[in-house]
Amino acid sequence: MSKLNSQQLVYVIDDDEAVRDSMGMLLESADLAYRCFSSADSFFAAHDGSQRGCLVLDIRMPGMTGLELQQKLAQIGSSLPIIFITGHGDVPMAVEAMRQGALDFLRKPVNEENFLERIMHALDLESGNWHQKLDRDQAQQRVESLTERERQVFLLVAQGLANKAVASQLGISERTVEVHRAQVMKKLDARTLAQLVRIHLQSE
Amino acid sequence: MAKISQPPMSGQLVDQLTSQASDQLSGPPTGGDDARLETLLKNLPGMAYRCLNLKHWPMDFVSDGCFELCGYHRHEIESQQVLWGDFTHPDMIDEVDRKVRNATESGQPFEVEYRIIARNGQEKWVWERGRAVDRRSDGVVILEGLITDITDRKLTEAALVGAEAYAQAIVESALDAVISIDNGGAIESFNQAASSMFGYRSDEIRGQHCRSLAATSFYREFDRYFQRSQTPAKGFPGARANSLELNGCDKYDNEFPIVLSMREILDVGEKKYVILIRDLTEQRRTEKEVREQRDMLAHVDRLNTLGEMAAGIAHEINQPLTAISMYAQSGLRFLRRQNPQLQRLEDALEKLSQQAHRAGAVIERMQEMTRPHQSHQEVVAAEQLLREVHELAEVDAQIRNFIIVLRLDDELPSVNCDPVQIQQVILNLLRNGMESMRANHCKPGSKIILQARTSATQVRISIIDDGLGVSRKLEKKLYQPFATTKASGMGLGLSISRSIISAHGGQIEFSNNKARGATFSFGLTRHSD
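Residue numbers (my numbering), protein chains in the order written: chain A, 1 to 204; chain B, 1001 to 1529.
It should be emphasised that the hints constitute simulated quantities derived from the structure, not laboratory data.
Take these hints with a grain of salt, some might be off.
Below, simulated DSSO-like cross-link-like pairs (lysine-lysine); rule was C-alpha separation at most 30 angstroms, straight line [claimed, not checked]:
1. A:Lys186 - A:Lys133
2. B:Lys1099 - B:Lys1154
3. B:Lys1473 - B:Lys1443
4. B:Lys1272 - B:Lys1251
5. A:Lys72 - B:Lys1447
6. B:Lys1443 - A:Lys72
Okay, the calculated beta carbon distance ranges per label pair [unchecked claim]:
7. B:Gln1367 - A:Glu17: 20 to 26 angstroms
8. B:Glu1292 - A:Ser42: 51 to 57 angstroms
9. B:Leu1406 - A:Leu134: 49 to 55 angstroms
10. B:Pro1340 - A:Glu144: 50 to 56 angstroms
11. B:Ala1361 - A:His121: 33 to 39 angstroms
12. B:Gln1367 - A:Leu134: 53 to 59 angstroms
Computed footprint of chain B on chain A; a stretch qualifies when at least three of its residues, placed anywhere within it, have a C-beta under 8 angstroms from a C-beta of chain B [what the hints assert, rightly or not]:
13. 7-21
14. 28-37
15. 169-180
Note that the structure is a prediction, hence the values are computed from the model and not measured.
By construction, the Cβ of each residue, glycine as well, lies at the ideal position given by its N, Cα and C atoms.
Okay, chain A solo, but in the shape it has when bound (with noise of 0.2 angstroms):
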């Protein structure tokens, strides 16, 4: 609960009024915040990559089926977690989900202990994924403001090279190499070598 964010959402997606608004009062009553969609069509359209949260998704419904959004949100890059909800003869159909990489899935009616566990679950997963991203993204960005000197220092180093070793490969003086390395660590914002070499492996 501690790292849940605010901007996260529970999206439920249902064709059937009752479940939908059953589930909604349950993350209600949990202080979770959700929004339903009746169709996995009227899900995909509002979807822009903005979202946060996990996706609940019925299996079974007319239209666009619970399988096939799954296959759409994984090739435009969504990392959103998905808890399928499975009806009594779709076992089969579930094992597919998780086989493409489904968090998890739970059979109507459902266990609303069990339910709440799994979406938490899936929150955080979420959350950890959405900090480490963009942790990625920063530290990209840090390595993208380097000039190409910097750059050709910067990866030498960080494979644990010594600066004169870095300055014989890139047919430079050591003392240059140092001043370069100084001004990359300061463009990383890198105190040590380990945080360095942190910033490369994210960067990667």
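Position chain B against the provided structure of chain A, taking the given hints into account.
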């Protein structure tokens, strides 16, 4: 005049002719009278004669008619080369002889009918009338008379007797009761079948009014029918009236179903009628058995259908159950908060209750289909009937990802039908249609149409699918029980549907659509109020 002649008996042409003819024997005809006599004799239907009453009756005079009668010429007979007794049928000669003798001994004329065998071997019936006219000196009686061919009359008589016996035999051996009555309705004859049907002997019932064969509760209907039958429509005497179904009543007050029809007997004199009555007990029992069997098979089919729909039904019940469970859990959470949110709790409970009813309604619909059911017709609102079966079939459509489109005329009238069985038929046809659409690889979201159109007498219900259509090969097996194209399924659906619709007085028709798929349809009779 001839010496043996007798004065003609007044008014007896035959006697006169024979006596005149006998005159001719004694000499050639002279003058106008004799010529006229000759002409008369020639035109006589038969043969006049004079003979001796000896064995085989030797004749000394015959008229020209002899040739036509027996094939011998006058001179052959008169010269007694052949005797009359030679022609007379040997079986009958003694009887003829006895009758002639008896009459002549008492001085009376005689009249006999017997058979002769003509020259060509042909047998003929003849009628003879004659009398003794004189006696020869040796005491031998002289006879004169006329013999006429009556073969035609005899044949006609025989035919008539035969026809009557034939008719009588038919009436007596008929399986139906055959009763004849007079103009007032009194029973005149009562055949064997009528006796065993009603328990009365023919002499017991004769003279009673035919109404007494009907159950008292049907007297009025019977009388009305009786009157109507006595005044046939359009002035055709003997025109057949429609039959009447009612309960009959036997001697021991047992009631049983009968059908009767009455018609006038074309006869001279007073009007008479014949009533035919058939006992329907057996027929009714068979009908009942057939109906019960159909009901039972229909029940099996419904159970089977619901079995096949199990996944859809489970889904349909799971939805409200899921909602109920979540509303209940939400309500608890609202209640257990530090500041309980009673308003939200109330909302949750209200919605929970609605969902419980929804689940109940699903089960109710299923139960209607699974209950054993005795077919009976009632007045049903067509629209409600169709909306209900649409909901039921939706369960199946959702699983298959097809859409059932209801296309109903505005203000559908009421119809006469057995709603459970008609819904079963529609469900069968819709499911068949969707099955065919799946086999035809129709896309998810494809439509099947359930249509109802009103006409003057009917509501016509059509199921229009997008499937494979009905091939010629399939057409032959379409209604065959246990013939199926489905991997699972008993193949009972269509054959039962057909028997249900035919019990409703209609038939299932089908045609292939222009583009693709097939249309199955049937009519339900509008209720007229």
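Verification of the hints:
1. A:Lys186 - A:Lys133: The given pair, whose Cα atoms are some 22 angstroms apart, holds under the 30 angstroms limit.
2. B:Lys1099 - B:Lys1154: holds, 20 angstroms
3. B:Lys1473 - B:Lys1443: Satisfied, since the Cα-Cα distance of roughly 26 angstroms is no more than 30 angstroms.
4. B:Lys1272 - B:Lys1251: holds, 24 angstroms
5. A:Lys72 - B:Lys1447: holds, 25 angstroms
6. B:Lys1443 - A:Lys72: Status holds; Cα separation ~19 angstroms.
7. B:Gln1367 - A:Glu17: 20 to 26 angstroms: holds, 25 angstroms
8. B:Glu1292 - A:Ser42: 51 to 57 angstroms: Holds: the Cβ-Cβ distance is about 53 angstroms, inside 51 to 57 angstroms.
9. B:Leu1406 - A:Leu134: 49 to 55 angstroms: Distance hint for B:Leu1406, A:Leu134 holds at roughly 52 angstroms.
10. B:Pro1340 - A:Glu144: 50 to 56 angstroms: Because 55 angstroms falls inside the window, the suggested range holds.
11. B:Ala1361 - A:His121: 33 to 39 angstroms: holds, 37 angstroms
12. B:Gln1367 - A:Leu134: 53 to 59 angstroms: holds, 58 angstroms
13. 7-21: As far as the region 7-21 of chain A goes, the hint holds, because 4 residues have Cβ atoms under 8 angstroms from chain B.
14. 28-37: holds (count 3)
15. 169-180: violated (count 0)
Hint 15 from the earlier list is the only one contradicted by this structure; the remaining hints agree with it.
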